[in-house]
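There are 2 protein chains.
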Amino acid sequence: MRISVVGLGLIGGSMALDLKKNGFASEIIGVDINEKHCEEALSIKLVDRILPIDLALEQSDIMILAIPVQHIVKVLPEVLNMVKSQVIIDVGSTKQLTSESVKHHPSRGNFVATHPMAGTEFSGPTAAINNLFRSKAVIFCDVELSSSEALKLVSDLYFCLGMPIINMNSQEHDLHAAYVSHISHISSFALALTVLKKEKDAQNIFNLASGGFDSTVRLAKSSPEMWTPIFTQNAENVLNVLDTYISELIQIREAIETQNTEALNDIISEANKIRKILKDPR
Amino acid sequence: MRISVVGLGLIGGSMALDLKKNGFASEIIGVDINEKHCEEALSIKLVDRILPIDLALEQSDIMILAIPVQHIVKVLPEVLNMVKSQVIIDVGSTKQLTSESVKHHPSRGNFVATHPMAGTEFSGPTAAINNLFRSKAVIFCDVELSSSEALKLVSDLYFCLGMPIINMNSQEHDLHAAYVSHISHISSFALALTVLKKEKDAQNIFNLASGGFDSTVRLAKSSPEMWTPIFTQNAENVLNVLDTYISELIQIREAIETQNTEALNDIISEANKIRKILKDPR
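Read top to bottom, the protein sequences are chains A and B.
Using this note's numbering, you'd call the opening residue of the first sequence number 23 and step up by one each time.
Using this note's numbering, you'd call the opening residue of the second sequence number 23 and step up by one each time.
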């Protein structure tokens, strides 16, 4: 199986690594508009060779679009215009706009919309790691619009990455992703900004970070290239959940200001319920 | 060296484990008003025996107060009333009120105010682990009020735990702790509350959590027994930094709502600067 990966970053690169290692891919063709990324990907053997996107498509069985979501909506229709029997996957973090961009495309069946729920705060080809995806969930969206052959192939691919598949439509996906993933990033970006503004002594941040700051702020290292388009594409859902988040903070603020220990105990006990869910809700 | 640990939870228990293991303590005496915790601590050999606080003090060289901060301000003056040559340490997360509670005590010199900057989201004797403190910083507060003998002994103790010592006065401590540690916990509690409210399907939270939620929400598992008194004791500083946090969120909200990608890019790039500091600012 020959696979081309468009976008040689953390996700595309990590998929390339695992798919080659476990034998699902016999060859990985890399595509990236960033020449430095192409060179890096070649030198660390993330990909076997680099081609322009049209030639890569011609020579591939599967093409994975692992580029920021605002580029997916442009590139995906172009790729589907050229497609023959190849299967196209995107791995973007928002799904509604992508879905709409090819809704009526005659080759829509060749495309499977997926979102592997894995990542780190690092980016670029050198961020790619083995086993990033193992035992994490992958969301398939709008599967009724994909051909059964394409679905079968993409299911096999994610099976090889060790990912259980969950089905949702694009609307549901974007809603749940805003609730659980996108808001986490916003809370973390705001936390980094706050501490950078309030705490002028970098040494203090470093020394005190083990008091909890380091884990909550980890996501604030994530790149604007990836996250700006996610927030703007999924604005309605993100704003909705962000408003709830701000109102929860205001409630906590109120309890602290009035020294209402009972209310604070209740609020924290309620928040503790997340423990049960993250353990295993099944 | 005989050490008594008052409060057999995560911090007290983990100190007991390491100090016994590395030979700094020949015996650990446990003190806790919670009988179940006493039994657990004995059965997992966290402590050698259990005594009431007054007898424990009589038989100890060092007493560590590892109880929630609202209890420290009550227990510490009582302990200092009984003290002879023993050295008393607290390990609380706020320092100003504690400091004031014994400011003019004739035995103030026997007391060293410390804050080891380490922890996990778990609590109780069974949460105690080895090497919790290694290479994390410990803050010493108001060292000019401690006797040089007491300071020497407590420095040795933390050296044995592998912790570099940083000096601050209590006011500075509470300010910096609010900036870096306390606000992280608030952001995490609010995140847990938001997701629990918006996302009714627990399975979705579990499946999507690897999208970043799991790391930002880790601290939301922390107990109200510990955190309610920290927030109320350190209210002024916490409210101040919380207001900055909320205003940062509102700025992000504004940029998303107006689809201002340039502003969002700037905001995220600014937040990314935390990367440099957390790596190593020295």
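In short, the hints are calculated from the structure, not lab data.
Some hints here could point you the wrong way.
Part of the chain B face toward chain A, derived, beta carbon under 7 Å [what the hints assert, rightly or not]: (1) Arg-24; (2) Pro-99; (3) Thr-250; (4) Ile-290.
Here are the simulated DSS-like cross-link-like pairs (lysine-lysine), alpha carbons at most 27 Å apart as the crow flies [to be verified]: (5) A:Lys-158 - B:Lys-67; (6) B:Lys-67 - A:Lys-222; (7) B:Lys-58 - A:Lys-220; (8) B:Lys-58 - A:Lys-58; (9) B:Lys-158 - B:Lys-58; (10) A:Lys-295 - B:Lys-58; (11) A:Lys-301 - B:Lys-295; (12) B:Lys-298 - A:Lys-220; (13) A:Lys-42 - A:Lys-222; (14) B:Lys-58 - A:Lys-222; (15) A:Lys-295 - B:Lys-220; (16) A:Lys-301 - B:Lys-298; (17) A:Lys-219 - B:Lys-295; (18) B:Lys-158 - B:Lys-67; (19) A:Lys-298 - B:Lys-219; (20) B:Lys-219 - A:Lys-222.
Note that CB positions come from ideal geometry on N, CA and C, so glycine has one too.
**Prompt:** Within 27 Å, alpha carbon to alpha carbon, are Lys-301 (chain A) and Lys-295 (chain B)?
**Reply:** Violated - the C-alpha atoms of Lys-295 (chain B) and Lys-301 (chain A) are around 32 Å apart, more than 27 Å.
**Prompt:** Minimum Cβ distance from Ile-290 (chain B) to chain A below 7 Å?
**Reply:** It holds, given that the least Cβ distance between Ile-290 (chain B) and chain A is near 4 Å, below 7 Å.
**Message:** Against the 27 Å threshold, does the CA-CA distance of Lys-301 (chain A) and Lys-298 (chain B) hold or violate the hint?
**Reply:** Cα-Cα ~33 Å, so violated.
**Item:** Lys-58 (chain B) paired with Lys-58 (chain A) [C-alpha distance capped at 27 Å]
**Value:** violated, 61 Å
**Request:** Answer holds if the nearest beta-carbon of chain A is closer than 7 Å to that of Pro-99 (chain B); otherwise answer violated.
**Result:** At 21 Å from the nearest chain A Cβ, Pro-99 (chain B) fails the 7 Å test, so the hint is violated.
**Asked** Would the pair Lys-58 (chain B) and Lys-220 (chain A) pass a check requiring their Cα atoms to be no farther apart than 27 Å?
**Response** Answer violated: Lys-58 (chain B) to Lys-220 (chain A) is near 42 Å, above 27 Å.
**Item:** Agreement of Lys-158 (chain B) and Lys-58 (chain B) with the hint, judged by alpha carbon distance not exceeding 27 Å
**Value:** violated, 30 Å
**Prompt:** Between Lys-295 (chain A) and Lys-58 (chain B), does the CA-CA distance stay at or below 27 Å?
**Reply:** holds, 23 Å
**Message:** Hint check: Lys-58 (chain B) vs Lys-222 (chain A), CA-CA at most 27 Å. Holds or violated?
**Reply:** violated, 44 Å
**Asked** Given the hint that Lys-158 (chain B) pairs with Lys-67 (chain B), does the C-alpha gap stay at or below 27 Å?
**Response** holds, 25 Å
**Asked** Between Lys-298 (chain A) and Lys-219 (chain B), is the straight-line Cα distance small enough, at 27 Å or below?
**Response** Roughly 15 Å between the alpha carbons, so the hint for Lys-298 (chain A) and Lys-219 (chain B) holds.
**Prompt:** Can the restraint linking Lys-67 (chain B) and Lys-222 (chain A) be considered satisfied, given a maximum Cα separation of 27 Å?
**Reply:** violated, 44 Å
Violated hints, listed in ascending order, are 1, 2, 5, 6, 7, 8, 9, 11, 13, 14, 16, 20; each of the other numbered hints is respected by the structure.
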